[in-house]
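Student: When you get a sec, could you build the whole thing from the sequences and use the hints?
Here is what each chain is made of, one letter per residue.
Protein chains: 2
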Amino acid sequence: MACLGRRQAIGLLSSGVAAFVTTRGTLMASTPANTSSARPGADAAQAGRPRPVALASYRPAIHFTPPHGFMNDPNGLIWDGKVFHLYYQYNPHGTHAGYVHWGHATSPDLYNWHDQPVAISVSEAGQAFSGSVVLDRHNRSGLFPQLPLAHQEAADLKAAIAAISGPGAASAFAQNKASQDGEGGLVAIYTRSRPHSQTQFVAWSPNQGTTYLDWPGDPVLDIASDSYRDPKVFWHEASQKWVMALVQARARKVSFYGSADLLHWRHLSDFGPAGLRGVDYECPCLVELPVAGEGTPGESQTRWVLFVSINPGAPLGGSGTQYFVGDFDGERFTPENTLLGLLDFAKDCYAMQTYNDMPSNDVPGGAAVYLAWLSNWQYCNELPTQGWRGAMTLPREMRLRRDGEGWLRLVQQPWQLERLREAPLPFRAHRLGPMERAHTPLPANLAVEIEVTVRLEQGPGSQPGRFVIAFVNRGTATMPGEELTVGVDLQTNQLWLDRSGLRGYSQPFFTGQFSEALPAGLERVELRIILDASTLEVYAQRGMCVGTALVFPANPLNGLELRAENAQVTVHEARVWPLRPTMAANRG
Amino acid sequence: MACLGRRQAIGLLSSGVAAFVTTRGTLMASTPANTSSARPGADAAQAGRPRPVALASYRPAIHFTPPHGFMNDPNGLIWDGKVFHLYYQYNPHGTHAGYVHWGHATSPDLYNWHDQPVAISVSEAGQAFSGSVVLDRHNRSGLFPQLPLAHQEAADLKAAIAAISGPGAASAFAQNKASQDGEGGLVAIYTRSRPHSQTQFVAWSPNQGTTYLDWPGDPVLDIASDSYRDPKVFWHEASQKWVMALVQARARKVSFYGSADLLHWRHLSDFGPAGLRGVDYECPCLVELPVAGEGTPGESQTRWVLFVSINPGAPLGGSGTQYFVGDFDGERFTPENTLLGLLDFAKDCYAMQTYNDMPSNDVPGGAAVYLAWLSNWQYCNELPTQGWRGAMTLPREMRLRRDGEGWLRLVQQPWQLERLREAPLPFRAHRLGPMERAHTPLPANLAVEIEVTVRLEQGPGSQPGRFVIAFVNRGTATMPGEELTVGVDLQTNQLWLDRSGLRGYSQPFFTGQFSEALPAGLERVELRIILDASTLEVYAQRGMCVGTALVFPANPLNGLELRAENAQVTVHEARVWPLRPTMAANRG
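Residue numbers (my numbering), protein chains in the order written: chain A, 1 to 588; chain B, 1001 to 1588.
The hints are simulated quantities; they were obtained by calculation from the structure and are not laboratory data.
There may be inaccurate statements among the hints.
[To be verified] Once the Cα atoms are required to be at most 25 Å apart in a straight line, the calculated SDA-like pairs of lysine to any residue come out as:
#	chain 1	residue 1	chain 2	residue 2
1	B	K1253	A	D327
2	A	K253	B	P1273
3	B	K1253	B	E1331
4	A	K82	A	R587
Tutor: This is the structure in structure tokens:
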């Protein structure tokens, strides 16, 4: 801020327009000089090309994707009492990572998303890296009433918002301002990143999350580090304070801080290095999860789980997330053993973050629902989509559950996905002999959900018995068919996900095959699979094994097959639902 | 042993012939009834088929493979003062896992191997699972003089050995017996596995490791578990006792025991579960490693490193090995942090075991040299070799070294591989422009070693800069060419290994691509690669990143290419050595 002379920034608004107040309180707007030069020419050059069928078919129908530009981590996930907010790391100027803004969308249900203007922009303070949003309902921060806007200042701020986000946003601001005086609102806590500095900023929203204004006292945390980022902040009820988890990335530490007002933070403790070292720790997420089936009605047993994203250097290559199960006493996270877990058995699920203030249903304090970036830094800048890159996972609810051996395991399920189910496709399969298959065509351009529960027995002969769920196409005159398979090997009790039979994209780091050991001693194999354009999510054994993968067929996968290979398959359930599109209305 | 009535087993010899003494001392031999029925018919049926070119070319020239049958973990690795012993988990009756014996080979140098008769067989006590061999030089066990063989008993034993291993082995026995009276010798400590029981056996060798006789007091450890195996035993100099590490496999624990005589074991401590849980912990290995470049001359700094193999459930799928760095005080292993490391960034390096009593060179106590099984339980029973399955890694020496960030990292290098280098191939490459390549043909049927040191700079344009080392063939009229690549991405500083361009074998778990982050801040990329038929070993940055992979081209890879892709490559060194075959003489 030194270069601003007597001016103090109170807010940095979308699309590179900064709002300042002078030391006398006058509000003015400025546009950083580097904004226009930040638009890579390569993307503009591609804009006029006709879009091949395959490229068009890569846009998911129910997974969130940005309207255009490049998206990575989810940020600021919160239910504000009326809508779900999804902010996201966003380059609106091109389809490569960089020039990081906070993109924004809102939703009533985490599936139907409405694009909003950029909420936090690149500014002279740096790029707007990852962070959180909390609802400062009681204005503990004092940020909201502290705004001493005279009539002229309010008019200037409204004009600045109108310049960025249009007259609608400005009107909303005016309305919200009127209704909000003396109350709290949404506060973002996030990282400003410059080439040799990463510091934590607090910003408040005058318009219910549409835009955020940096606090004049920013940064609130600065340890003179270029490797210090991604604050996840939540209200810790037991100790009645805000708790922040953030990383000293290269030191592979998660640092915890506490605050009463979101502005002044006290260091509580550090955790790590722990588990996998990788190169950088990123995007920590500390959350209390219920242990399914334990505790008394209304008061479930819980554990605190600390998630740490790693990039690069995750074991499957590039980006991945490990977690630890333990306790958090308001000061310190203490793992209850020296084990780590991996969030996903494939490699396209990164930088997960849970929703703050989820509406309560059966879970006290609200379900633990997260979104993650459905990609990997090893190839995110090269994916064969056109005009946009990056998707989020489906919202996923997490719990812990003891497996047959007594181990606490993370279980994940899509959150309320059932709402999107259309009438199931007619598909019958009761029993498949050693080399039999059942087939159904899949609808074009729709996400589909498959639920299959089977009992498997080795067939005659020594060949390994396998059960295969295959998404296929027949190919064309010049191109053989493709298939994407999920399957189970009976002898080793392992699950696989194989995308290597798809030919729409290849790259040295785009691993073809993933696998995981299924929990021992299970009589049935239960698979739930969602295929949505270029995304595949696999939930096995009621969410105990989850794999997430980008998939790029050269031609759309329009058939589904269940196959027995040297196995006897008794099908207890096999259902296929088309899912009602939620993203189609506002996506090309 | 209850079914034996008054007989007590003193030894179980190779190929299912058991040696017993009655309670009066009479020695007799018996053949368990199940031995002949243990030979699967499938392998016999294949024996007469002509061998395709590709199949023949899968037999390595310098990596140990069994003459026929199925091989998995290395066992009983020891330098006995004259030769290196390699025992291995072995099914001599077929090319699938099962009927586990201890196969055996000896070598003067860990490269030239001489097949020996089976050393420990399946017996009524169970299969002969993994374990160790120690040199009980001073007969601390008392096993050797305790043998009260009368003239007739010695003759019977000699006859039994002759029946199994031939007259040469029997003569050696007689000679050794004469020279060995009153001295110690080789002792095996290993697991006998039956369907519901795994117990630890001690066996002594009357003939310098050719065969082993179980001690009448066996088992020496029995905790009534079916999940308790793989003792690794070594002499712990500081506490003057034998130390055993073995696993409670399903409990994911490593248990340490101590003994003065190899027969009576005291429980010292347990370690784990720790790090990755997986399904079973197997084949623990505790070893003291020097920290390269630290300490005073003649007295290097060291750490104890505990390796734990996991199967299934390793993060890359199936089998893998994690390790912990810490201290061992003779009673307890204490990790110095909560980090774990992974031995290999690919997935074909399992059940590693270090050599006991390595000859001293520059490392006090001898170098830490290991062999591992170059395969994975996910596909080892389906590999497209003919008449044999399973290979060992090259012998690898391990150290620790601090990286640029101060972290202790495991480094590995092939042990004395330089001895096998023939005259280097004429190959010159000084500088490669953004889309240039250098090519050399590779000799047929020989292992080759590549050493490449390069400096890399991003080329013009936004496409990612990459440096590629490719093993290629041109294909045939009916089949396109294949390639196997190792490469570096400049922007992300990551290394890949990609075997997905080979078409000799595919299977849902046979992962195509592997990768690892290179240490930060390195000016040069240093790669050392050994391609030997169906095996590939990659050592990057002087052994800091090691990847091991089975590779099955449909046709032999007969060309080597260095390529710059959108990068400027300055080649400081690029050398290609054919390696003198060491296994060809006794392998088809």
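Student: State for each hint whether it applies.
Tutor: Hints, one by one, checked against the model:
1. B/K1253 x A/D327: With Cα atoms ~23 Å apart, B/K1253 and A/D327 stay inside 25 Å; holds.
2. A/K253 x B/P1273: 22 Å, holds
3. B/K1253 x B/E1331: 15 Å, holds
4. A/K82 x A/R587: Answer holds: A/K82 to A/R587 is near 24 Å, not above 25 Å.
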